[in-house]
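These protein sequence lines map, in sequence, to chains A, E and H.
For the record, in the first sequence the residue sitting at position 234 is 234 according to this note's numbering, with numbers rising by one throughout.
Take the position in the second sequence, starting the count at 1, then add 270; the result is the number in this note's numbering.
Take the position in the third sequence, starting the count at 1, then add 577; the result is the number in this note's numbering.
Worth flagging that the hints you see were computed from the coordinates, not collected in a lab.
Among these hints, one or two may not hold up.
[To be verified] Taking lysine-lysine pairs in the DSSO-like style, the calculated list, with each CA pair at most 30 Å apart, reads:
#, chain 1, residue 1, chain 2, residue 2
1, A, 29, A, 15
2, E, 400, A, 29
3, A, 99, E, 399
4, A, 99, A, 9
5, E, 454, E, 406
6, E, 292, A, 111
7, A, 99, H, 651
8, A, 111, A, 159
9, E, 292, A, 15
10, E, 400, H, 681
11, A, 15, A, 209
12, A, 99, A, 159
13, E, 400, A, 15
14, A, 183, H, 651
15, H, 768, H, 681
16, E, 406, H, 768
17, E, 440, A, 99
18, A, 264, E, 292
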Amino acid sequence: MTGRFRIAKGWRDMKTIAYLTLDTLFWSKKTIFVVFISLVVLGMAVLGRLVLSYNWIRAPFTPAQVFSTLMSTAVIHFMVVFVTLFYGTALISEEVEGKTLTYLFLRPIPKPAIMVGKYLALVWTSVLLVLPTVVFSYLILYLRDDLRPFWEDAGVLGKDIGIVFLALLAYGAFFSLLGAWLKHPILAGLIYAFGWEGIVSYLPGFTRKLTVTHYIQSIFPHENAPASLAMLFGERTQAPEAVSTLLLMTALFLAAACLVLREKEYVLEQ
Amino acid sequence: MTRILEAKGVSKWYGQVIAVNKVSFSVGPGVTGLLGPNGAGKSTLMKLITGQLRPSQGELTLWGERIWNNYPLFYRMGFCPEQDSFYDRMTGAEFVAALLRLHGFSETEVNQRTDSALQQVNLVEARDKKIGAYSKGMRQRIKLAQAVAHDPELLVLDEPLAGMDPVARKETIRFIRILGKEGKCVIVSSHILHEIEAMTSNILLIHNGQVLAEGDVHDIRDLIDKHPHHIYIRCSEPRRAAELLVAFPDVVSIRFHPESNALTLESRNPDEFYSRLPGLLLRHEIALEEITSPDDNLQAVFHYLVK
Amino acid sequence: MPIYDLSYRQWSGVWTSHPYRWWVITRQGINILGRKRRFLVLMILSALPFLVRCVMLYLSTVLGRIPLLTINAKFFEDFLSQQMFFVFIIAIYAGAGLIANDLKANALQIYFSKPITRRDYVMGKLGVLFFFLALPTLVPGMLLFFLAVLFKSDASFLEQNYWVPASVLGYSLLIIATYSVVMLAVSSLSKSSRFAGIVFAALFFFSRIFYQILSVVLRSTRVAWVSLGNNLTQIGDYLFQVSPQYQSPLWLSAMVLGLLMLGSVWLLHHRVQAVEVVK
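Here chain A stands alone, though its shape is the one from the complex:
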């Protein structure tokens, strides 16, 4: 088998696995739940817009403030983490629980191609579910008679989309690894995302850099968001370094997931 043929076959295998996974991943109860959460986030954007438009409260604030709060609190620290935790841990463990992994493992496809194919499906599904929430929230908050803020902050929206995409990649790879590796990936994922990341962000020194969230916060474009509070206690990582670290983390987690899938014996209980 020539190298070129191998690459072509590998890509085709991954695509086939991705299509197969998309079908089972997207059309599930999980998606209904995530769509519900997206709608609630959009509902909050609508509420913010109403408060802005009708001056319900005395202390004035701008669309940018509401948008940055939504982004940092609801999207980055909740939606991204939950969607990737939900779908990422399901990639392999759902096949193990459903005892369907046999059908994939007994095909002429290398196991890493199965992992990467499934990961591609995860990225596609999560992008489809999270990014529209970001864009629609922005539209809801900014679309008004005076379009100047809309155009002024469009760059921030672009950055947010990029950050959310990077976050989906990194968290997705990490939770895929947990799903392939552990028997109870959900608990481990929750402890990591809401325990470890929460605590370590406030710790001094290098420990803060042992989280995904540190690099996301480092490139987060909203200065007044609650998440930036953590930054008071430590330095931000420079943007190029943060982006490349996130990409490197993604590659490492994914490679580790492939290795686990290749070497682990999955005993499907009768």
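With chain A fixed as given, assemble chains E and H onto it according to the hints.
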């Protein structure tokens, strides 16, 4: 014999538990029945053969190549798993086609092969029905369809007849025999002796994770026949029947069951015993109500072999 | 005897009726979880804050009045609030699969072919959660108070805080009941314990985040009642006679938790059935 599968001192243990204990055997073309009671280690052996598990010790090869993490072997192998699990949202045809795509066939070929596989297992009419709505027998057959759809040289079938009705069972047995006659290597597991006997005479007996016997079922039966064979007879006059039967040299013991008008005897030559019994009873006008052999089951076969 | 007479026959003997049938299910659940090494490690970890509090009690007795080591009602409330992290993790570990796994294995049919009612079944499963959630809350809470009384050389502490055990009991039971009933209801929603675990976690986290955003948008803590955790804190503050952290009214918090539990019971009533009727 061309050796397709070869095991040399293969063991597999889960923690402290040994599932397969130093087994060595080889399998060639045709149907081979893997026979053993529940918990004997059949499924673990099947998983080792299909590369789902890695041997803890020993060497297991297919066409001379190791199996674990050797994905190109799966171009030549099909597997029908024991577990009743599917992507339930898919239809039968979608399921077979999706798995065929993973072999790299073109879309036209995928469609052709899907049709052909569904035809082979008599599921053409139910092809567009969701698998979730299939009966147990249909689910067994769709598993078989995905295993044969890519026309593999080696087929590994784990309890393929479980849950099938008698008609489907007969059809599947016929189908497996045809595959064997076509020169394919078929390894089929079961814990029911007569099911295996209906498919093949070539068996591999496994018990407590060890291979007890390997080869032609008739040879194994001959081996068993060297031991006294139990025969249970219920008739109108058991004591008179005993008096007549005890005269034959192959009969080594007789035990009475007065409560049920029956006796159990042990014969060293069951074939001869069965051939002369009807004439003897007719001549002496003893009405035969029931004759069974408690040894004519798998457990007894194992009992003899373990002894 | 005709063959059909050999088939299933109704029990014609005397039915032994007793109100503790649910205990069989609880006992079995406790035994199964108790044998899991990882779960035991988690339970041991959940006892560490108790040990820290014991040391604090000791130091406050030895060193006298130090601002950070004041032993009053808030000391006990803080302990129980801290334990909510473990309560959350234990509820997911022990509870996510309690009904979901039975649904997956079609085990409800087997349960209900025995002389138990749906109420017995739910009570039995709730018993498992109550037991394991009481271990990091109610039991150490009470022990802590007992130790605090023992460490003091006079009766002044007991005279001032005689009502605290009732608060510990009330707050612990509230926490245990909320987490148990909601977790069990969520577990009945799916055949996947993973799904149940994540939905339960999302309920708690999302309601908190919902509150955070609303509080920014509306510049007020009056909307604290939208968060499940905040409602527990509000009632906890009341029970321990501490000034409330949020401006939302106490009755609203109580009502939200009450409705949540009623909704959970309704869900359990509808989801726990021997046979699922697919329309």
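Results for each hint:
A C-alpha spacing of about 24 Å is found between residue 29 of chain A and residue 15 of chain A, which places the hinted pair at or below 30 Å, so the restraint holds. A C-alpha spacing of about 18 Å is found between residue 400 of chain E and residue 29 of chain A, which places the hinted pair at or below 30 Å, so the restraint holds. A C-alpha spacing of about 21 Å is found between residue 99 of chain A and residue 399 of chain E, which places the hinted pair at or below 30 Å, so the restraint holds. Proposed proximity of residue 99 of chain A and residue 9 of chain A is supported: the alpha carbons are some 26 Å apart, at most 30 Å.
Using a Cα cut-off of 30 Å, the hinted pair residue 454 of chain E and residue 406 of chain E holds, with the two alpha carbons roughly 27 Å apart. With a C-alpha separation of about 28 Å, the suggested pairing of residue 292 of chain E with residue 111 of chain A holds against the 30 Å cut-off. Taking the CA atoms of residue 99 of chain A and residue 651 of chain H, the gap is near 50 Å; set against the 30 Å cutoff, the hint is violated. For the proposed pair residue 111 of chain A and residue 159 of chain A, the alpha carbon gap of about 35 Å is over 30 Å, so the pair is violated.
Simply put, residue 292 of chain E and residue 15 of chain A have alpha-carbon atoms about 41 Å apart, too far for the 30 Å limit, and the pair is violated. Among the hinted pairs, residue 400 of chain E with residue 681 of chain H is consistent with the structure: their alpha-carbon atoms are about 19 Å apart, no more than 30 Å. Distance check on the hinted pair: residue 15 of chain A and residue 209 of chain A sit about 34 Å apart at the alpha-carbon level, beyond 30 Å; violated. The hinted pair formed by residue 99 of chain A and residue 159 of chain A fails the criterion: a straight-line CA distance of about 41 Å is larger than 30 Å.
Our distance criterion of 30 Å between C-alpha atoms is met by residue 400 of chain E and residue 15 of chain A, whose separation comes to about 24 Å. Our distance criterion of 30 Å between C-alpha atoms is broken by residue 183 of chain A and residue 651 of chain H, whose separation comes to about 39 Å. As the CA atoms of residue 768 of chain H and residue 681 of chain H are separated by approximately 5 Å, the hinted pair is consistent with the 30 Å bound. Simply put, residue 406 of chain E and residue 768 of chain H have alpha-carbon atoms about 20 Å apart, close enough for the 30 Å limit, and the pair holds.
This hinted pair checks out: residue 440 of chain E and residue 99 of chain A have alpha carbons roughly 28 Å apart, not beyond 30 Å. For the suggested pair residue 264 of chain A and residue 292 of chain E, the alpha carbons sit about 22 Å apart, so the restraint of at most 30 Å is met.
Comparing the model with each numbered hint stated earlier shows that hints 7, 8, 9, 11, 12 and 14 do not hold.
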